[in-house]
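Once you've looked at the hints, dock chain B against the given chain A.
So the chains spell out like this:
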Amino acid sequence: MKLAPVDYRVAESVEELLELLGELGDDAAILAGGQSLVPSLNLRLSRPSILVDINRLPDAGGIEELDDGWLRLLPLTRHRQLERDARIAAGLPLVARAMPHVAHVAIRNRGTVGGSLALGDPAAELPAVLTAYDARIVLRSRQETRRLPIRDFYTGLYGNERRPDEYLAAIEVPPVPPGERIAFGELSRRCGDYALAGVALRMRLDGDRVADATLVLFGVADRPVMVPDAAEICRGRSPDAALSRDLAEASCQGWEPLSDPTTSAAARLHLARVLVTRAVAAVVRGDGDASRQAGDLLQ
Amino acid sequence: MTIRKTLHATVNGERIERTVDPRINLVDFLRHDLGLTGSHVGCEHGVCGACTLRVDDVVVRGCLMLAVQIDGCRVETIEGVTASGEIAALQESFVARNALQCGFCTPGMLLTAAELLREVDNPSRPAIREHISGNYCRCTGYEAIVDAIQAASAGRGDDER
Numbered sequence: 440m441k442l443a444p445v446d447y448r449v450a451e452s453v454e455e456l457l458e459l460l461g462e463l464g465d466d467a468a469i470l471a472g473g474q475s476l477v478p479s480l481n482l483r484l485s486r487p488s489i490l491v492d493i494n495r496l497p498d499a500g501g502i503e504e505l506d507d508g509w510l511r512l513l514p515l516t517r518h519r520q521l522e523r524d525a526r527i528a529a530g531l532p533l534v535a536r537a538m539p540h541v542a543h544v545a546i547r548n549r550g551t552v553g554g555s556l557a558l559g560d561p562a563a564e565l566p567a568v569l570t571a572y573d574a575r576i577v578l579r580s581r582q583e584t585r586r587l588p589i590r591d592f593y594t595g596l597y598g599n600e601r602r603p604d605e606y607l608a609a610i611e612v613p614p615v616p617p618g619e620r621i622a623f624g625e626l627s628r629r630c631g632d633y634a635l636a637g638v639a640l641r642m643r644l645d646g647d648r649v650a651d652a653t654l655v656l657f658g659v660a661d662r663p664v665m666v667p668d669a670a671e672i673c674r675g676r677s678p679d680a681a682l683s684r685d686l687a688e689a690s691c692q693g694w695e696p697l698s699d700p701t702t703s704a705a706a707r708l709h710l711a712r713v714l715v716t717r718a719v720a721a722v723v724r725g726d727g728d729a730s731r732q733a734g735d736l737l738q
Numbered sequence: 006m007t008i009r010k011t012l013h014a015t016v017n018g019e020r021i022e023r024t025v026d027p028r029i030n031l032v033d034f035l036r037h038d039l040g041l042t043g044s045h046v047g048c049e050h051g052v053c054g055a056c057t058l059r060v061d062d063v064v065v066r067g068c069l070m071l072a073v074q075i076d077g078c079r080v081e082t083i084e085g086v087t088a089s090g091e092i093a094a095l096q097e098s099f100v101a102r103n104a105l106q107c108g109f110c111t112p113g114m115l116l117t118a119a120e121l122l123r124e125v126d127n128p129s130r131p132a133i134r135e136h137i138s139g140n141y142c143r144c145t146g147y148e149a150i151v152d153a154i155q156a157a158s159a160g161r162g163d164d165e166r
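Order-wise, the sequence lines are chains A and B.
Read left to right, the first sequence gives residues 440 to 738 (this note's numbering).
Read left to right, the second sequence gives residues 6 to 166 (this note's numbering).
Bound-form chain A, shown alone:
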């Protein structure tokens, strides 16, 4: 299908953007990469009266190094930039590892960090890995600039704390402790499809014992799922089959699994358990690839 009639404005500066958003409120949709918005316009699932194109905002894309090792991702940074950036590969390896799973190259050439986070598709990789990294989201309006932990940002299916007059101006990510291991993986029907279930795991080992762990699941519930007691379950234990079983069990508590005609709630819970087990194995192996089968590593 084709788009319904819609007006179009280019925001040439952040000030102009904030004025427009302040005036137009709910009538406006911010057009960033457009890789989710335009399909929904084509299918007429959304009907804004005006599109505010932010692709020409000056200095709105890229990665900045802040004091104390924080990284700031600017909203117009394309997925493809993240995929290739050496600072991301070194500093935020979960982000680097997640990027090739995001749709296809032509989509990653256009899709933006800000758009992915502001939409918050439950199966999207970026909200999940940035939840694992405890990032904070910077929201700007005419009145104020506020910072929210990403872990408090999402409120439900495609729901978040951004008000219609606000612009997602940056994502700031704290430094990762040295020596941390990670694992990332997802299960989808075809390469580039949305994940039926996905996992992001950070784990710090002290000798052969786990010192700390952060576990996030995605694609399984209405928003990224932080497993609240992951660190408690893992701390002081060796990363073995018993640990991965306990972690898999705990990770299925406290959230409502998505269900659709192809993947039932029970199937999603099963896939989540499988992925958590694979993630622990991937941390032990050291390759971080939780899409691979765990094999007998944890037997």
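Keep in mind that the hints are not guaranteed to be accurate.
Dumping the calculated EDC-like pairs for lysine to aspartate or glutamate here, alpha-carbon to alpha-carbon at most 20 Å [to be verified]: (1) B/K10 with A/D560; (2) A/K441 with B/D38; (3) B/K10 with B/D76; (4) B/K10 with B/D38; (5) A/K441 with B/D26; (6) B/K10 with B/D26; (7) B/K10 with A/E451; (8) B/K10 with B/E22; (9) B/K10 with A/D446.
Worth flagging that the hints you see were computed from the coordinates, not collected in a lab.
Structure of chain B alone, referenced to chain A:
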């Protein structure tokens, strides 16, 4: 009420100026306003890759950009890269390996493959499959397409030596 916006762009090396309704997708604009029918319209929601073209040197979905968004940009379609000879080796390789039947996916497939070959020397077969995973072909089963891309990559290496 019809809304009109003016755009200036370079399409296949030629400067153009047009007035468009903002609801027109880039691929429809290229086909209907400029007569460049080599970019095809398939799913219209970014899944099939038939509308793949290049904007400012990178491949994009022509159905997921609005025509008005190319203001100030450089657009290249299959017609442009064919005329320039840029992908001639890849095209010859597709013919030699019979890597198409109906040809509907071929322009998008070629532009996507050209981006891979520009960035990676001698990509592996899994890397080729991964790279073209966003371009659907309903005729060939992909095997011949992967062969053709691999052969073009190997051929290019020989030329350079």
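Original post:
Can you name, in rising order, the numbers of the hints this structure does not satisfy?
Top reply: 1
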